[in-house]
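When you get a sec, could you build the whole thing from the sequences and use the hints?
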Amino acid sequence: MGMLRRHPALVPLMLLAPGLLWLVSFYLAPNIQMLASSFWSGTLETGFSFSLNNWTNYTDALSKYQEQYVRSIQYGFAATVLCFIIAFPLAYFIAFKAGRARNVLLFLVVAPFFTSYLLRTIGWRTILGDDSIILGPLKAIGLVDPSARFLDTPFAVIAGIAYNFVPFMILPIYVSLEKIDRRLLEAAQDLYASSWGAFRRITIPLALPGIFAGSLLTFIPAIGDFINAELLGNPGATMIGNVIQRQFLVVRDYPTAAALSFMLMVLILAGVTLYGRILGTDELTSKAI
Amino acid sequence: MSILRKIPGAIGSRFLTIYAGLALIYLLMPIFTVALFSFNDPVGRSNYAWASFTFDNWFTLFRDPTLVDAVGLSLRIALISTVIATAIGTLMAMAIVRYDFRFRKAMDLFVFLPLATPEIVLGASLLTLFVTLRIPLGEITLILAHVMFNVSYVVVTMKARLSGFDMRLEEAAADLGATPWQTFWRVTFPIILPGIAASAVLAFGLSLDDFVITRFNAGQVQTFPVYIYLKVQKGIPPQVNAFATLFFVVTVSLVAIGALMQRRRANLK
Chain A
1 MGMLRRHPAL
11 VPLMLLAPGL
21 LWLVSFYLAP
31 NIQMLASSFW
41 SGTLETGFSF
51 SLNNWTNYTD
61 ALSKYQEQYV
71 RSIQYGFAAT
81 VLCFIIAFPL
91 AYFIAFKAGR
101 ARNVLLFLVV
111 APFFTSYLLR
121 TIGWRTILGD
131 DSIILGPLKA
141 IGLVDPSARF
151 LDTPFAVIAG
161 IAYNFVPFMI
171 LPIYVSLEKI
181 DRRLLEAAQD
191 LYASSWGAFR
201 RITIPLALPG
211 IFAGSLLTFI
221 PAIGDFINAE
231 LLGNPGATMI
241 GNVIQRQFLV
251 VRDYPTAAAL
261 SFMLMVLILA
271 GVTLYGRILG
281 TDELTSKAI
Chain B
1 MSILRKIPGA
11 IGSRFLTIYA
21 GLALIYLLMP
31 IFTVALFSFN
41 DPVGRSNYAW
51 ASFTFDNWFT
61 LFRDPTLVDA
71 VGLSLRIALI
81 STVIATAIGT
91 LMAMAIVRYD
101 FRFRKAMDLF
111 VFLPLATPEI
121 VLGASLLTLF
131 VTLRIPLGEI
141 TLILAHVMFN
151 VSYVVVTMKA
161 RLSGFDMRLE
171 EAAADLGATP
181 WQTFWRVTFP
191 IILPGIAASA
201 VLAFGLSLDD
211 FVITRFNAGQ
221 VQTFPVYIYL
231 KVQKGIPPQV
241 NAFATLFFVV
251 TVSLVAIGAL
261 MQRRRANLK
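Chains as they are written, first to last, in our numbering: chain A, 1 to 289; chain B, 1 to 269.
Rather than coming from a laboratory, the hints here were simulated on the basis of the structure.
Among the clues, some could well be false.
To be verified - With a straight-line cut-off of 35 Å between C-alpha atoms, the simulated DSBU-like cross-links for lysine-lysine are: (1) K97/A / K234/B; (2) K64/A / K105/B; (3) K105/B / K179/A; (4) K234/B / K139/A; (5) K159/B / K234/B; (6) K179/A / K234/B.
In C-alpha cells:
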C-alpha cells in the first residue's frame, strides 16, 4: 500500500496486470503461434519445422478451398442482410412504440442466448424437417409445394446463421435508436417534413452507428460459423469453418489449418476496415454522440 | 416513394406491430421446440418427430452417466472461469475507465479484439499453442480458454456500468476519514455490485453454452455442448432437452429476480 501511495502511476498498471497477462498469454500468443504454424512443414508424426519458404501453404490452401471462402462470404453477407431486415423494424418498435413493455421485449430478444446454441440449431432441424410440425400442415393445405425441401439447402443454412446472430444486430440498432433526441423528430414535423422524410433524414442517419456495429457483430461470427452448415446444410456445400475444424481436429494438418484460419482473420480485418471507410463511421459516431 | 409518404401513421404502425410480433415468434420458436421435446416420448433414438406426451424424461434426468458428467464438467468450468474472468475483468475495466495512462486507447482496442475475432480462430489458435507447448488438453485448458473469451465481455459490460459512477462519493468517504480499503468495500463495491452480477451472469451463460472454442481445446473430455454434438448423429436423448430447459428456466428466473430486486431498491430510494 505504501509503495502505491508513493507511485500512483502504478495503480492502473496493477489493476490491468492480471487480465492483460491472461489476454497476452491466451489470445495474443496463440495468434502469433498460429501465424508461425502456418509456415510449418511436416506432419504430426514426423514433427514440424518452420521455414519462410512454406508460404506456399497459403497459395495451396487458397487454391484448394477458394470455393469455401467464397461461399462463406456469400452466406455471411446474405445472413447479415437478413438479420438487418428482421432486426431494424423490431428494434424500431421496441425503441419507439413499446412503452412500458420495452424491458420485457429486450429480454425476449436475448432469451435465445439462455438456451444451448446447438439445441437451438437442432430445433430448426425439427422445424424445417420435411414433415415437421410447421411444414407438414402447410404442405397438407397446399400452401407449400409437397416436394419442397428446406433442410440441406443454402436457405436453411443462411436462415440458421441469421437466427443465431440476430440479437447482435437488434441490440446495437436499438441502442442507437433509443438515443435519438425525440425533439429532433418533433422539430422535423413542425417544419412540415413528412413522416417518411423525417425517418430518412433523421432516424436513419442517427441509427447508422448502430447498423454498422450490428452488421459487424453478425457478419464476423457468421462468416466463421460451421455449426449451421453442418447441421442444416448439404454436406457438399461446406463453409470455410467446416474445413478449418476438419483440418485441425480430424486430418490434423496443422500448417494448412493455421494458414486457413489466418487468412480468415485477415479477410475479416480487411472487410471491417473497408466497410468503415465506406460508411465513414468515425465521423458518424462522433456526430451521433 | 410518394406512396410511402402517404401511408397514414395508423396503418404503418399496425404493420410494424405485426412485424415485431412475428420477429419475436421467430426468435422464440426454437426455444419453445427445445422445451416441448423434453416432454416427447420419441419412437426410436432420434428425438426430432413428435410422438406422445410424457413426463418420463424429467424423472430419468440422471440416467446416462456420461450426460451427468458432461453437465457437471460444464457447470464446474462455468463457475471457475466466471469467478476468475469477473474478478480480473472488473479490475481492468476500473483501470480503463478511472485512470488516465499512456496506452489507454491501445488497451481499450486490445481488450475488444477477442470480441472481433471469430470463435473458430480463437479456438484454433489456442489449440496450436497448446499443441506446440505440449500442454495436454482437458479441463485445465478449457478453463484457460473460457476465462480468455469471458474477460473481454466482462470488461465491456463493466465499462458501461462504471462510466456512470459518481466519483464524488469516494471523495466524500475519504474526506470523512475512510481508508482506501474501507472506501472500496463500503462505497465502491456496493455501487458496482449490480454490474458485477450482470457480468457474472453473462460470463456464466457464455461459458456454459460455448461449443466452438471448447471443441478445439477439450481433448477427450466432454462438456454439455460437446456431448450434444457427439450425439447428433446417433440421436439426442430427450433428457438433454430437459437439462437445457432447466438451465433456461433457472437463468431466466435469476435474471428476473435480479431485475426485481434492483427495481425495489430504486423504489425505496
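Comparing the hints with the structure gives:
1. Under the criterion of a C-alpha separation no larger than 35 Å, the hint pairing K97/A with K234/B is inconsistent with the structure, at around 47 Å.
2. As the CA atoms of K64/A and K105/B are separated by approximately 40 Å, the hinted pair breaks the 35 Å bound.
3. For the proposed pair K105/B and K179/A, the alpha carbon gap of about 24 Å is at most 35 Å, so the pair holds.
4. Between the alpha carbons of K234/B and K139/A the distance comes to roughly 28 Å, so the proposed pair stays at or under 35 Å and holds.
5. For the given pair, K159/B sits about 45 Å from K234/B by alpha-carbon distance, which is inconsistent with the 35 Å threshold.
6. At roughly 49 Å between alpha-carbon atoms, K179/A and K234/B are farther apart than 35 Å, so this suggested pair is violated.
Going down the numbered hints, you'll see the structure goes against 1, 2, 5, 6, while the others check out.
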